[in-house]
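Asker: Chain by chain, the residues run as shown.
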Amino acid sequence: MKLILLFISAAVINNFVLSYFLGICPFVGVSKKISSALSMGMAVTFVMTITAVVTWLIYHLILVPANLEILEYVSFILVISALVQLVEMFVKKVSKPLYETLGIYLPLITTNCAILGLALFSVLRDYEFMESLIFGIGAGAGFTLAIVIMAGIREELELAKVPKPFEGAGITMIVAASLALAFMGFAGLISV
Amino acid sequence: MARKQASVSYEVIKGLWDENPVLRSLLGLCPTLAVTNSAINGLAMGLATTFVLITSSIIISSVRNIIPNQVRISSFIVVIAAFVTVADRFLAAFYPLISKDLGPYVPLIVVNCIILGRQEAFSAKNSVFRSLLDSSGMSLGFILVLLALGMVREILGSGTLFGITVLGDWFDPWMMMILPPGAFLGLGIFIALANWLNARRAKA
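These protein sequence lines are chains A and B, in that order.
At position 131 of the first sequence the residue is numbered 131 (our numbering), and the sequence of numbers has no breaks.
Counting the second sequence from 1 gives a position; our numbering is that position plus 192.
Since the hints were made in silico from the structure, they are not lab data.
Hints are not guaranteed to be accurate.
Claimed, not checked - The list that follows gives simulated cross-link-like pairs (lysine-lysine, DSBU-like), each with its CA atoms no further than 35 angstroms apart:
| no. | chain 1 | residue 1 | chain 2 | residue 2 |
| --- | --- | --- | --- | --- |
| 1 | B | Lys-206 | A | Lys-33 |
| 2 | A | Lys-92 | B | Lys-317 |
| 3 | A | Lys-161 | B | Lys-395 |
| 4 | A | Lys-32 | A | Lys-164 |
| 5 | A | Lys-32 | A | Lys-96 |
| 6 | A | Lys-164 | B | Lys-395 |
| 7 | B | Lys-395 | A | Lys-33 |
| 8 | A | Lys-164 | B | Lys-206 |
| 9 | B | Lys-395 | A | Lys-32 |
| 10 | A | Lys-92 | A | Lys-32 |
| 11 | B | Lys-206 | A | Lys-161 |
| 12 | A | Lys-92 | A | Lys-33 |
| 13 | A | Lys-33 | A | Lys-93 |
| 14 | B | Lys-395 | B | Lys-317 |
| 15 | A | Lys-32 | A | Lys-161 |
| 16 | B | Lys-292 | A | Lys-2 |
| 17 | B | Lys-292 | B | Lys-206 |
| 18 | B | Lys-395 | B | Lys-206 |
| 19 | B | Lys-206 | A | Lys-32 |
| 20 | A | Lys-32 | A | Lys-93 |
| 21 | A | Lys-161 | A | Lys-33 |
| 22 | A | Lys-164 | A | Lys-33 |
| 23 | B | Lys-206 | B | Lys-317 |
| 24 | A | Lys-96 | A | Lys-33 |
| 25 | A | Lys-32 | B | Lys-317 |
Stated by the list, open to error - Listed below are several chain A residues computed to face chain B (Cβ distance under 7 angstroms; list not exhaustive):
| no. | residue |
| --- | --- |
| 26 | Phe-21 |
| 27 | Ile-77 |
| 28 | Cys-113 |
| 29 | Leu-116 |
| 30 | Leu-120 |
| 31 | Pro-165 |
| 32 | Phe-166 |
| 33 | Ala-169 |
| 34 | Gly-170 |
| 35 | Ala-177 |
| 36 | Ala-180 |
| 37 | Leu-181 |
Stated by the list, open to error - Only some residues are given here: those of chain B computed to face chain A with a beta carbon under 10 angstroms:
| no. | residue |
| --- | --- |
| 38 | Val-227 |
| 39 | Ser-266 |
| 40 | Pro-296 |
All values derive from a computational prediction rather than experimental measurement.
For each residue, glycine too, the CB sits at the ideal point set by N, CA and C.
This is chain B alone, in the form it adopts within the complex (with noise of 0.2 angstroms):
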C-alpha cells in the first residue's frame, strides 16, 4: 500500500477537521443545504447519513476482495441504496414528522458523494476495522456541521432551539435565514471561516 498507515486515533479526528467532508472536501452540499432549516432535522440527517456511512462501510470493506473492479461502483450504490431504504422505513416507521419534514432527502442520501467518495477511497482498500474507525470519524464530522448549521440558522431564523424559543419578543425572526438563501449565505460563511482558522493554524 502506498498510502503510509496513519495511527488508530487519526483515522477518527481527521473527519472532524483535517478531512471534514462538508467544509474541506465540500462533499455532501446537498443535504447540508436543504434539511438545515432547524436543528432538530439537521440532527436526524447527521444520524441517519451516519447509519448508512457506517453500515455500507463495514460491508463493502469485508467483502471488498471478491467485488470485481470494473463493477465496483454500481455494487457500492446497490449496498448504499439497500441500507438507505432501511433508513427511510425506519424513520417513517418511528419518527414520522422528522420523515415528512426531510421528504425526498432521506432516499437521496443513496447519491450522496460523502458516503460513495469513502467508500471508493477508503473501504474498498482498507480493513474492517479501519474502515469503522474512517467512517465513524467523517459521519460525527458530518454531525457536527449539520448541527451547527442547523442551530445557527433556526436562531436566527425563528429564535427557537430545537423548537424552544431562546430569544425573546424584542426579536424579529430574520425569516431569510430558514429559506433557501440563507443556506446557502450559511454555509458561505462557514466555509470561509474554516478558510479563516486554518490559514491562521498554518501560520502559527
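If we strip away everything but chain A, and leave its shape as in the complex, we get (with noise of 0.2 angstroms):
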C-alpha cells in the first residue's frame, strides 16, 4: 500500500516536470510532437528506473560502507552516464525499431538534470530498496505524464495566433505554468 501511494505522489503530486522543476530542457525542447515527446517518456522512464537501482546500490553497498559519502555526486554522474551509454547499446542489440524511435533522445538524458535529481532524492529520503525502485518508475511516468500533456497543447498551439515576442520558449513557459497549476490541485490527495 505504502508502495502505491508513493508511485501516485511520485507521478502526480510531486511530478518531477511541474513542481520540482528537473527535466526542463527535453520538456520544453521535445515536445513539439506527441509521437517524439512519448518517446523521450519511455527512454527517460527507462532509464529512471535503471539509475534508481543501480545508484541505491552503489550508494548503500559502496560508499556508506566505505565512508566515502562526499564521492555521491562525482560516482553518480559517473554511474548515469556510463549507464546511459549501456542502455543505448543495449536496445541497439536487442530491439532495433525501439533503438530508431528512441534515437537521438537516449545520449541526451545523460544532462537530464531528472535523473542526477532522482538518485539525490532517494538518498536524502532514505528510500529502502523497493520504495527506490518505484520512486523511479513513478517519477518516470509523471515525466512522460506531462511532457505528453504538453506536446498535447504545443499541437494545438501551432494553429493559435501567439503575440510575437512570446513565440517558441515564452508560450511554452506560460502553458506550463497553468499546467503546473493544474496540477496543484493534486496537492494534498495522500502525503508521504
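Build the complex from these two chains, which are given one at a time in their own frames, with help from the hints.
Answerer: Right under this line is the structure:
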C-alpha cells in the first residue's frame, strides 16, 4: 500500500517537471509532437528505473561502508553517463525498432537533471531498495505524463495566434504555468 | 581558429545580454525556475554556480590540450562534480539555512547545462585568460536573471524583499508567485520581454 501511494505521489502530486522543475530542457525541447514526446518519456522512464536501482546499490553497498559519501555526486554522474551508454548499446542489440524510435534522445538523457535529481532525492529521503525502485518508475511516469500533455497542447498552439515576443519558449513557459497550476490541484491528495 | 577573436571586453559583456545563458540560449532553466522563490535564494544559487563555472573553466582550459577528444565530456563532468561538492560542503558548513532551502538543487549544479555548455563551446578551445573572462560574463548574466526573477517573485508572492517587508498591510500577497506556477509564468514573461527588447533594438 505504501508503495502504491509512493508511486502516485511521485507521478502526479510531486511531479518532477511541474513541481520540482527537473528535466525542463527536454520538456521544452522535445514537446512539439506527441509521438516524439512519448518516445522521450519512455526513454527517460527506462533510464530512471535502472538509475534508481543502480545508484541505490552503489550508495548503500559501496559508498556508505567505505565512508566515502563525499564522492556521491562524482560517482552518481559517472554511473549515469555510463549507464545511458550501456542502455543505448543494449537497446540497439535487442530491439532495432525501439532504438530507432528513441534515437537521438537516448544520449541526451545523460544531462537530464531529472535523472541525477532522482538519485539525490532517494538518498536524501532514505528510501529502502523497493521504495527507490517504485520512486524511479513513478517519477518516470510523471515525466511522461507531463511531456505528453504539453505536446498535445503545443500541437494545438500551432494554429493559434501568439504575440510575436512570446513565440517559442515564452508561450511554452506560460502553458507550463497553467499546467503546474492544474497539477497543484493534486496537492494534499495523499501525503508520503 | 575559425572564430574571429572578439575584443577582451566583449568576452565579458556578451554574457550579460547578447548571449545571456538564460534569456537568449535557454540554458540552466531548472535552477532558474526552482530557486527563485526569494531574492536571497536566487542570489545564493547564482553565486554557487558562478564559483563552479569559473573554477572549472580555469581547470579545463588549462588542461584542454591533454584531454583526449573522445572522453572530454566525461572529464568535464568529473571536474565540475568535484567543484560542486566543494560548493555544497561550503554552503552546508557556513550557511546551513540557505543550504537547506536550496536542498538538492546545489548538487544539481553538476548537470546545469550552462556549465557543461560553456566548457564545450568555449573553455575547451580558448586560453585560460579568455575562458576566465567568458565564464565571469556568463555567470554575471546568470546571477542578474536569477536575482531579478527572485526579486519579482518575492515582492509579488510575499510582499517582501530580501526578507524585509516592502509592501504594507494593504497588499494581499499573491501566493501563486512563490509556488511552481509563478516560476513558469515569471520566466515566460521575462523571456518574452527580452525578445521584445531585442526586436526593438534590431529595428532601431
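Asker: Output the numbers, in ascending order, of every earlier hint that fails for this structure.
Answerer: Those not satisfied: there are none.
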